[in-house]
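There are 2 protein chains.
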Amino acid sequence: MNVVESIEEVRKHLDGAGSVGLIPTMGYLHEGHLSLLSRSRENDVTVMSIFVNPLQFGSTQDLETYPRDLDRDLAMATDAGVDVVFAPTPEEMFPRGYATNVDVGRIAEISEGARRPGHFNGVATVVAKLFNIVRPDRAYFGKKDAQQIAVIDQMAKDLDLAVEIVACPTLRESDGLAMSSRNVHLDPQERQAAAVLSKALFAGRDAVEAGERSGSAVAGIVGGIVKHEALARLDYVEVVDPVSFEQLDSIAGQATIVIAAFVGSTRLIDNVDV
Amino acid sequence: MNVVESIEEVRKHLDGAGSVGLIPTMGYLHEGHLSLLSRSRENDVTVMSIFVNPLQFGSTQDLETYPRDLDRDLAMATDAGVDVVFAPTPEEMFPRGYATNVDVGRIAEISEGARRPGHFNGVATVVAKLFNIVRPDRAYFGKKDAQQIAVIDQMAKDLDLAVEIVACPTLRESDGLAMSSRNVHLDPQERQAAAVLSKALFAGRDAVEAGERSGSAVAGIVGGIVKHEALARLDYVEVVDPVSFEQLDSIAGQATIVIAAFVGSTRLIDNVDV
Numbered sequence: 001m002n003v004v005e006s007i008e009e010v011r012k013h014l015d016g017a018g019s020v021g022l023i024p025t026m027g028y029l030h031e032g033h034l035s036l037l038s039r040s041r042e043n044d045v046t047v048m049s050i051f052v053n054p055l056q057f058g059s060t061q062d063l064e065t066y067p068r069d070l071d072r073d074l075a076m077a078t079d080a081g082v083d084v085v086f087a088p089t090p091e092e093m094f095p096r097g098y099a100t101n102v103d104v105g106r107i108a109e110i111s112e113g114a115r116r117p118g119h120f121n122g123v124a125t126v127v128a129k130l131f132n133i134v135r136p137d138r139a140y141f142g143k144k145d146a147q148q149i150a151v152i153d154q155m156a157k158d159l160d161l162a163v164e165i166v167a168c169p170t171l172r173e174s175d176g177l178a179m180s181s182r183n184v185h186l187d188p189q190e191r192q193a194a195a196v197l198s199k200a201l202f203a204g205r206d207a208v209e210a211g212e213r214s215g216s217a218v219a220g221i222v223g224g225i226v227k228h229e230a231l232a233r234l235d236y237v238e239v240v241d242p243v244s245f246e247q248l249d250s251i252a253g254q255a256t257i258v259i260a261a262f263v264g265s266t267r268l269i270d271n272v273d274v
Numbered sequence: 001m002n003v004v005e006s007i008e009e010v011r012k013h014l015d016g017a018g019s020v021g022l023i024p025t026m027g028y029l030h031e032g033h034l035s036l037l038s039r040s041r042e043n044d045v046t047v048m049s050i051f052v053n054p055l056q057f058g059s060t061q062d063l064e065t066y067p068r069d070l071d072r073d074l075a076m077a078t079d080a081g082v083d084v085v086f087a088p089t090p091e092e093m094f095p096r097g098y099a100t101n102v103d104v105g106r107i108a109e110i111s112e113g114a115r116r117p118g119h120f121n122g123v124a125t126v127v128a129k130l131f132n133i134v135r136p137d138r139a140y141f142g143k144k145d146a147q148q149i150a151v152i153d154q155m156a157k158d159l160d161l162a163v164e165i166v167a168c169p170t171l172r173e174s175d176g177l178a179m180s181s182r183n184v185h186l187d188p189q190e191r192q193a194a195a196v197l198s199k200a201l202f203a204g205r206d207a208v209e210a211g212e213r214s215g216s217a218v219a220g221i222v223g224g225i226v227k228h229e230a231l232a233r234l235d236y237v238e239v240v241d242p243v244s245f246e247q248l249d250s251i252a253g254q255a256t257i258v259i260a261a262f263v264g265s266t267r268l269i270d271n272v273d274v
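Which chain is which? The protein sequence lines are A and X, in order.
Per this note's numbering, residue 1 is the first one in the first sequence, and the count goes up by one each step.
Per this note's numbering, residue 1 is the first one in the second sequence, and the count goes up by one each step.
Calculated from the structure, these hints are not laboratory results.
Among these hints, one or two may not hold up.
A few chain A positions that, by computed beta-carbon distances, are all more than 12 Å from chain X [to be verified]:
| id | residue |
| --- | --- |
| 1 | E8 |
| 2 | R172 |
| 3 | E209 |
| 4 | A217 |
DSS-like cross-link-like pairs, simulated, lysine-lysine; straight-line CA separation at most 25 Å [as the list claims (entries may be wrong)]:
| id | chain 1 | residue 1 | chain 2 | residue 2 |
| --- | --- | --- | --- | --- |
| 5 | X | K199 | X | K144 |
| 6 | X | K199 | A | K157 |
| 7 | A | K227 | A | K199 |
| 8 | A | K12 | X | K199 |
| 9 | X | K144 | X | K157 |
| 10 | A | K157 | A | K143 |
| 11 | X | K143 | X | K199 |
| 12 | X | K12 | A | K157 |
| 13 | A | K199 | A | K144 |
Chain X side only, calculated, beta carbon under 8 Å to chain A, not exhaustive [what the hints assert, rightly or not]:
| id | residue |
| --- | --- |
| 14 | R96 |
| 15 | Y98 |
| 16 | A99 |
| 17 | T100 |
| 18 | V102 |
| 19 | D103 |
| 20 | V104 |
| 21 | G105 |
| 22 | R106 |
| 23 | E109 |
| 24 | N132 |
| 25 | D153 |
| 26 | Q154 |
| 27 | M155 |
| 28 | L161 |
A virtual CB, placed ideally from N, CA and C, is assigned to each residue, including glycine.
Isolated chain A, as found in the complex (with noise of 0.2 Å):
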């Protein structure tokens, strides 16, 4: 496995590679991303990208305690062979009078973008460049952030980005705790409460199932489970359209609930489709 650091290396690497698939990650890998590695074996070539990206955090302290392990990431991707990791420092890719930003319009400002405001410009940036950059024929990404394949799927479409953007199931712990990086930080006892997102997802999507077409009636229905839990603080709940993010008063095709919660001081975000 080859571990670049420049721009200019991993364009090297590539040249004349066949097919290229595209892992983008912010690091600390867990099984999640390790299903985004098996699909990609359709290409010859799997780069994975591990950046922390600083555009998408709102709040320095967010970003400095975002979790990083690159020893045990090269470890992981090494194992799963990954045939190139392109791990840049922040310089390499905003270096001094770096100023773009890709603003993809209202699909980035409500529902989790308006709880983030500039976290998905921030993702549709770095994206744009690493698709720049590795010019990958696809890119897989997680579903456990159903929001962010959609603002990147309307970048890359509205940016002519020949590229095929895969959408694979997030991956859950055995009690449904969809996998997240992030779930580091929660002690015991927060573990075991944060089980409770996916477990008020389940029975919204269960009432769904069983004719209940209301989407607040729905959003009520998963916020109140997850009130009942101590540990778990409710950001937001809503019923939206898979494709725009925009909510849905009445279910009639395809919709996803989504969902964003603390559970003590660490806010997870989760979603099923219904």
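Put chain X on the given structure of chain A with help from the hints.
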């Protein structure tokens, strides 16, 4: 010569084409455009795009009255040896649901950008799209639009687009008027009067060459000459850094004098390096 309207077709034409030169234009071609073409012969294939980009116009009226003559443009492009003309419809470039804007920050907001809010981000957005569609090795722009080149440089560098931006000299009529598609709007009297822009810029350059180091003094000389032309109305004249387009109080190294003026109802811009 191939004339293609769809993104898919232009990609098909360029698959395996060797080195590609791109000349982005809004059509209504003149000798300035043709001079870019002759520079692009260093590539295996030259693509010219002809697209009046709605994103970069502040008013619907300016967009609607922008001169167009595709048949004449295609005849000129054929004669000049263009390989592929990409002439998309607005719907091909900006389909329903399009939402993304590339914001290049301060350089888009000062000097000419301060007078045309949104203009340079509109330019940056459409050029980012064209770069992703055509994936050129080199792209050619005329220095008449000097700040546009600086904006595109910033965007391409920030977004890691692997394209060389080639700035080509402004072509001028025999009386010094910078060639521009908008010159067609000038009536014979205005056409004569329009030469005052370049005359004033050249006088400013002469002053710098004679030792004047004050930015505002040079701007005063240039502006004073324009004010003597009854048919012209100065919008602004500034002495700026040729990379950042920040105004210079004193001229130490390289500088660019930039000017915008109305001649009749037609707004013209020009610049000289000093």
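Consistency of the hints with the structure:
1. E8: violated (10 Å)
2. R172: holds (32 Å)
3. E209: Nearest chain X Cβ is 30 Å from E209 of chain A, so the label holds.
4. A217: holds (29 Å)
5. X:K199 with X:K144: The hint holds at about 15 Å.
6. X:K199 with A:K157: violated (46 Å)
7. A:K227 with A:K199: Holds - the C-alpha atoms of K199 of chain A and K227 of chain A are around 12 Å apart, at most 25 Å.
8. A:K12 with X:K199: Violated. K12 of chain A to K199 of chain X sits at ~49 Å, over the 25 Å cutoff.
9. X:K144 with X:K157: Satisfied, since the Cα-Cα distance of roughly 21 Å is no more than 25 Å.
10. A:K157 with A:K143: Status holds; Cα separation ~19 Å.
11. X:K143 with X:K199: Given pair K143 of chain X, K199 of chain X holds - Cα atoms ~17 Å apart, limit 25 Å.
12. X:K12 with A:K157: holds (18 Å)
13. A:K199 with A:K144: holds (15 Å)
14. R96: violated (12 Å)
15. Y98: holds (6 Å)
16. A99: A99 of chain X check passes; min Cβ-Cβ to chain A is 3 Å, inside 8 Å.
17. T100: At 4 Å from the nearest chain A Cβ, T100 of chain X passes the 8 Å test, so the hint holds.
18. V102: holds (6 Å)
19. D103: Status holds, d = 5 Å.
20. V104: holds (5 Å)
21. G105: holds (3 Å)
22. R106: Check passed: Cβ of R106 of chain X comes within 6 Å of chain A, closer than 8 Å.
23. E109: Violated: closest Cβ of chain A sits about 10 Å from E109 of chain X, beyond 8 Å.
24. N132: It holds, given that the least Cβ distance between N132 of chain X and chain A is near 4 Å, below 8 Å.
25. D153: Violated, because the Cβ-Cβ distance from D153 of chain X to chain A comes to roughly 11 Å (cut-off 8 Å).
26. Q154: Nearest chain A Cβ about 6 Å off; hint holds.
27. M155: holds (6 Å)
28. L161: holds (5 Å)
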